[in-house]
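Undergrad: Taken in order, these protein sequences are the chains called A and B. Each residue of the first sequence is one higher than the one before, counting from 1 in our numbering. Each residue of the second sequence is one higher than the one before, counting from 1 in our numbering.
Some hints here could point you the wrong way.
[Unchecked claim] The calculated lysine-lysine pairs, modelled on DSSO-like cross-linking and capped at a C-alpha distance of 27 angstroms, are:
#1 B/Lys300 - B/Lys588
#2 A/Lys562 - B/Lys588
#3 B/Lys427 - A/Lys811
#4 B/Lys584 - A/Lys577
#5 B/Lys588 - B/Lys686
Think of the hints as simulated: they come from the structure by calculation, not from any bench.
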Amino acid sequence: MDNHIALDPKHSVVVEACAGSGKTWLLVSRIVRLLLAGVKPGEILAITFTRKAAQEMQARLHEWLHLLAVESDDEIREFLRERALGDIDDALLARARGLYRDALLAQPAITISTFHGWFMQLIQRAPLNAGVPVGMQLLERTSALRDEAWQEFADSLRAAPDGETARFMQWLFAEYGLYSTRTLLENFVHKRAEWWAYTQDRKDAVAWATEQLHAELEADMDADPVADACADASLQNAVQAFAQALATGTETQCNNAGKLQAAWEPAEPDLRFAALSFALYTRADEPRSFKPTKKQNAETFLLARDELFGRLQAVRDALTEREALRMNRAALHCGVALLEHFQELKLRSQQMDFTDLEWQVCRMLNRSDCAEYMQYKLDSRYRHVLLDEFQDTNPLQWQILQSWFAASAAVDTRPTVFVVGDPKQSIYRFRRADARLFGEVRGFLQREFGAHHLTQNETRRNAPAVLDAVNGVFSEHPDGFVDFEEHVAHHRDLPGHVEVLPLATLEKAEVDVLPDGRLNLRNPLITPRAEEQSGAREIEAEQFAAHIAGIVTNWSVQDNGKPRRAEYRDIMVLVRKRLHLRVYERALRARHIPFLTSRRGGLLDTLEAEDIQALLTFLITPFADLELAQALRSPIFSCSDDDLMLLAGCGMQDQGYGIRDAGSGSEDQGAAVVSHPVSRLPHLQSSWWQRLQHLSDPSPALQRAAELLQSWLALADKLPVHDLLDRIYFEGDLLHRYAAALPAGMHETVRANLQAFMEIALNVDAGRYPSLPRFLSELRELRAAENESPDEGRVGEVGNALRIYTVHEAKGLEAPIVWLLDANDTQRNADSYSVLLDWQPDAPRPAHFSLLSDKRGRGAKRAPYFDADEAYARREEMNLLYVAMTRAKQVLLVSGNGEQAETSWYGRISQVVEQGSNPLLAAAGSAAPEREKSSVKVDAALLRPLPTGQHVPRTTAQQRRGTWLHALLQHLTPPNAAADKASLQAQSGIPSDEMELLWQQAQRLLTSPQLARFFDVQQYRSACNEMPYVNAAGELKRIDRLVEFDDEIWVLDYKTGESADPAPYRAQMLEYRSAMQAIHPHKTVRSALIFGDGQMLES
Amino acid sequence: MVLDMEPIKSSGTQTAPAVFFDSVARHILAQHAHEIPDLRGATVLLPNYHAAQPLAQALSAAADRTAMLLPRMVTLSDWAQSVPLTTPIQPDTQRITALYQALRERRWFADADLWSLSGELLGLMDDLTRHHVILPESEAEFSRQLAEAYRARSGQALQFEARVVHELWYAMSSGGGLDGVRAYQQRLARLAGQTDTPIYVLLTSGLSAPEAHFLEACRARVAVTVFDLREMAALEQGCVVLQLALSAPTSHLRDQADRLRGHFPDAALSGRLRLFGAHSLEQEARAAELQVRRWLLAGKQNIAIVAQDRLVARRVRALLERAGVLVRDETGWTFSTLAVSTVLMRWLDALQSDFYHQDLLDLLKSPFIFAGQPAYERKQAVYQLEQLVRKHGVASHLDAFLDLAHGEAGVQTALVRLRQAADVLRKNSDTLSGWLRALDDSLTILGVLQGLAADVAGAQLLQALQTWQQELAADSTRFSRAEWRHWLAQQLNENTFIDKSIDSPVLLTSLTSTRWRSFDAVLLLGADASHLPSTDNGSVWFNDAVRGTLGLPTREVYLAQQRDDLLALLAMNDTVLATWQASKSGEKNLLSPFLEMLRALHELAYGDDLAERELGAFVESAQVRAAGFPLPDEAAMPAPVVPHSLIPGRISASGYNSLVACPYQFYARHMLRLNELDEVREGVEKRDYGEWAHVILHRFHQQFPVLGEHSRTELEDALQHISSEVFAPAVERDYLARAWLLRWQQAVPAYLDAQQTSEAEGWRYQNGEVPFELPLTGDLLLHGRIDRVDAHIQADNAVRVLDYKMMDAARLRNKLREAGEDVQLACYAHVYEAGEAAFISIEKDKVVSVAPPQELQELAQANIERLLAVFAQMRAGAAIPAHGVDEACRYCEMRGLCRKSEWSAA
Ligand code: SF4
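Kindly produce the complete structure, drawing on both the sequences and the hints.
TA: Printed below as a string of structure tokens:
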């Protein structure tokens, strides 16, 4: 591929680059070239698919600019040459060296972001009149809100049980049941952007959409297809004809003929039709197979057969279309109603989710004036737009970009556009991405922007061995994988290996015969029940785990050019769906292989997280016995079953004795006893907690538990959740205790999980109005929220762990060793109860939008859409496989279970790979051993507590009054001009109920004849308040009031309240005096304490 | 001058800062040589009062006098405060209310959050005032200005923006009230007019507009000297690297580096600044905590934690407290994040949700409610209430709870108080102060007032509420409950609480408040690109170009300020560790560009990238641990031996099933007698469905023991009717219950078919929902309830026991496949000496009877024998294993007790 063109800032370019060909390299290089060409950072907009990718791009850019700033001229020349820069003069060098600082501190900075990140910027600056709600927050988790919306929807129905919506719902419930109905409506809500686009500026959207569908299905709701057909002589003839044809055949055929005849008997159309169907279709509603025998006249037989089936099928289709229409009418109506609740709910809480965000931005930019406004409203003016992973873009996003380009052309100049992507890697259909866009956009950019189109099939990632497999599988363009071209390896001598492991299959489990018919039942105390043999997968899992263990002991991988022993972190395991992950994880655990799972939402279901939740639940509901018991059994307290039985036991004799309050905390140590005895509290019948507190001779473990729980109960009131949790972790010595209780293989995972849990608490506390009960109920919500609940802690980051990803997650990642698990599975769950859509990439809106129930409800009229969908799905399946295989740098391992399926990934790969020797195994001997951690010795003092700082007692009312009085006096006495009461109060923050008294005190002092000489300007030479001075020790001190007379100086110190013994103040006053003396050596310095009651004591 | 100033501590001996203060001191002394020792003739404007002490010290050192009267040392805002004003100041609470009303009237923003919008606008207005921007008379002219500034043609959107700002600006300024910003300006103006002493200013960054104005004015009367730390640092060789790296570039990195190496060979920061990149939040926090303790051990007297990232700061503080190190927190926490405002908001939640049980219980569990009553009484009451609520599944309505609590004095009184408090707030609209008064009353009734008053933060919150109420007393605008709540939330969000209750050498503070301050050591927390410079996601008003031309500060200025503060911090302090998360949940996370710049230059010049290397190794090992209690042994499968006293004397069929599935589960349920808390269920669930189905069929057969005697339609109508009756209450509560009803009704015809067939076979309904107790031995009794018993008309006293199951036949067959794994039918058969036993599977429109494949009598026999054998063994001291199959464990509530996942992996 020609980098001269690709990186030339002047050109718009579309690059179609295969996996591992260094898209990021290309993109960032282009950015560097732009900057070199004098483009301002603020003029660059780079958009990629994930935040992770954006961050990495950002990092890579800094890295390179740094390199340009610091490296030698020669190195820079080389660097620039690699990026297709020819003659490099000193001016250019100088510029290159400057880029680092300029880019780093530039304002506005370069924008490297995701679509959503960028959209958010747009929304925040959206024109106020665009109808975009102002001040919205982005909502990442929606499931809680969706449930709420569903509930509100239900309530609205309850309010109007005879309304139209309710009637439609009734019908849906009857036809499809609660579960499927909800699925259908939720899926509709999920596809709302498409719905809005489809029905844009239609008055009655539902009516219109239904009309469209009605027309397409050509369903005649008034006609009765069955009746018509049964009345129709031609059908009768067809039946007769085929019956006769059958009658000429074998005995069974004759029987069938008879059945067919009989089926026509009933006069009542529905019965007749049912009978016919029964005779000709299987239970599964598949046409029964009828074949002519040798003796029969095949031609007439088949003619008659197909004629008949044709006619019946027509009727059946007609019925299906009618049902489809009915369903859509009802479901669209209800779906829209549900949608309204959902949107309303988000609006109320000032939130919008990604879909809303996209839609709002799209709407906004479709208004040309808004689009233009945005052009100058942002601080940055993009003159160069770079789009990464373009194959994952969806139509809305593309529309947004288009309007953006149009507007920028209108405002000043049209940007150059640089698009990188690979249709072969488009796997985000479920996120509404559309690979077909790529072709469209290429065309568009070539036409409108004179863009160049380049392709790149050389990969810098994969070893030749891996590529052979890839080429082998895809060169035939299976399932519409048409745009594949032979890949070539950049690193020709990178050792590689591809291995397809034998399929794991299940040897038939022998049927257990009862010895001499006598029943002998399993004794549960002695024999555990045998696990259900779901089998084959478990076997594969076992094979997998065993193999991994082998790899890390005697394989080697290339680490920039040098071989080293393979580690867990070198292995990436890929699955198509998470469904069966648990099985494989169990196998890994059993062998203590550390791994980073991709299973979502695992955290809160792990035992350790449940322990903490149980403990916290106990802390707010001390009567929760089971929770307490779990906490006791957990490593936190590691109590034995004997301990539990002790507690259970004393439940029996504790009737009647007074129970101390559960969880009254430390404020009533042992003392407080609830007046009435248990018997009068039926439902507070001595909880385990109460028993625990009253055990006569508890075990040390129980003892410890009782004490810690007591103190935590007290803290649960006072501390924020995170702080409480931290105390529990610490005082409970959690990390160490769990480590001790668990097998070494689980240590990192558990530690990570415990910390992940802590982080949740941290984040929740940072939120508004936290409380322990609220925290726990939020956890319950999170736990319920499918694939939105928090994930397990990431061991991978810290240590050396194997990573399990779904292929989708593995996008953009790579690893020396990649393992495709469960690769023989061919099940695709055909989508049911969802949306059927036809949105051509170039079209502004969908051409078709309807809802579908299950396979049966499809009918003939919509077949083209269904077929298109399936074709697309198959194609995407290939894309997935392509992505999966190309993650592997050196080794690709494939395993599966069950009977081999040709079209499975396993099937496809095994067909092109023959077992060869494994170079990585051979090299293992020479491999450098993995470096082990160096242990440091720690200063013992760091392991001991280090008491520092103390709590200062809250200021007493007395002290506060003192401060306030000082403030008043300071402001009321000259040289300060007397201010008015109100403003003084406000200024010195004196509460109204205090003000009066203080004011009087102040006035009393100011007016007291005895003190007049200190406050009356006439009587002294000068005075000042709050006078700071510094003493010999360099300490800064303040004197309340210093009054200077001709011959003497007075130091005044205010004291609130009645006059009292001056003794305690003597030292202080002395210090004041001597200081002042030093300053005024020729005057006598005197000092006095002045009390709130107006008394003055000279000291 | 404020009196509640922080206690000033002397902070050891620092080299770096001393230099700066010393030069300031000498300069001042030189100017006032003849006045020494009385420097009252000078005024020093401080960035904050922490600078006062070191300056005083420097002065006395330089002057070498035993005592000296100091210059006026004051922050400009405090100084301005001392100038009295004639007109009172209009508090912002009033202004924002006015703005809100203005917006509300104009109906410009349909679904916008008007309060936050008003907030934004207010900010803009103040900015305009602060920078003396006067909008043109005509709106058209203004929008022309905008268009020009935007470099754009004027369009609707632009005109609208112009209109909003212009119109409201005039609306507000016509109001005539004197707002804080204007007041400040007036005061400064007066002050400038009456200053008579030379002024010295300590700066770290550019002057803000008002300050600049003020000093300009002063220059006319007195000498004004500015000490700009940036310039001073430039001359200080220890800081030259900082200066070069952080100030605007004059030449390229390499040239700078060369120059540094050449002219300042030993100006390296190596001894002063270190950077630590952590791989996770936890590691950053631990590293920080560890470093602080190391400093303390090294005898550092005052240590600052500059928190760019509050989350980590919170974590660090907690970790430090583990080691007994308390942290003095100078930065505030917004009230909305404090427990004291939680109780308040929860109370309003409860009101709004008609006392939804979760809000209610949460409220009652707050330590601030019902103060005055001993805590354990309050808790006693709330726990009683909670148990009642869970038991009876009441979701909301105060009255409903009152009914529940009948006879529970404690609970009753609590609820009654809630009711009284609720009445106070029962109105739809009022003025803000009116709402606040009502709130105040309700809180009094709830004893929350008292509770809060006893708490430092609480007291401040109450003070704030009171102040707002007074400020708004005159305002007559009426607000709906929702609007008021929203306002309150925003207030709580914007006002912060500063905790003064801790005094410690370790201080948590923010970058801006470190100006001209020096510490023994500084820990800069969260120094990554997203926190330093910290990014505000710009206001919706204008953009930088426009702000620039209007004369408002741009983002540029804002960033420069942070850069200067950072420079000052590094210049004033010679022991600094900056930490950040180099990776965040697997994503790269960049270092602050300022520091990145600095690092690059420093590495180039002195070959040291400033990375802190040893800390990482310590982090895990150097932690304080709680006093050691012996660690637990490795987990293993439990096998308790149960004392007779705990072995139950009675067992039900389901109990027996549990015993078979997993003895430990049985042990936990029936020997420890543990079970889950009831949850308040709001929607209909499968088990409700099951229960109702049982009820329906029972009633039906009581009425129609023999179907043969009735017409099919009669039967169907009757069954349908009963069904709707039984479902009625649920349908009443929850619309979705209808779906379940429909589901059931679809099964009705099939059920009748099945029943009719079985009658045809000679079976007759005999009895339903039959409780039984059957002593098996002296000390074991089998008990339960049988769904239904049929008798056969010919085969005399042939009996059949049936059990309804709402699941498909396949699953039931599976249950029965292995003999003795599901004991229910076998037990019933034994009790009734039945010849036949079956599950009746009722799913959708299918009704099938599923019988065990084994010979029934024998099966029953074997099951009872095994039961007795197992009990005998348990009494004889057999250990009880935990070995359920995965299927059993998946939904087992005892998994936290047997801890299977801990030992099964091993
Ligand atoms: S989880 Fe499994 S092993 Fe543990 S008690 Fe429950 S059933 Fe038994």
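Undergrad: Are any of the numbered hints broken by this structure? If so, which, sorted upward?
TA: 1, 3, 5
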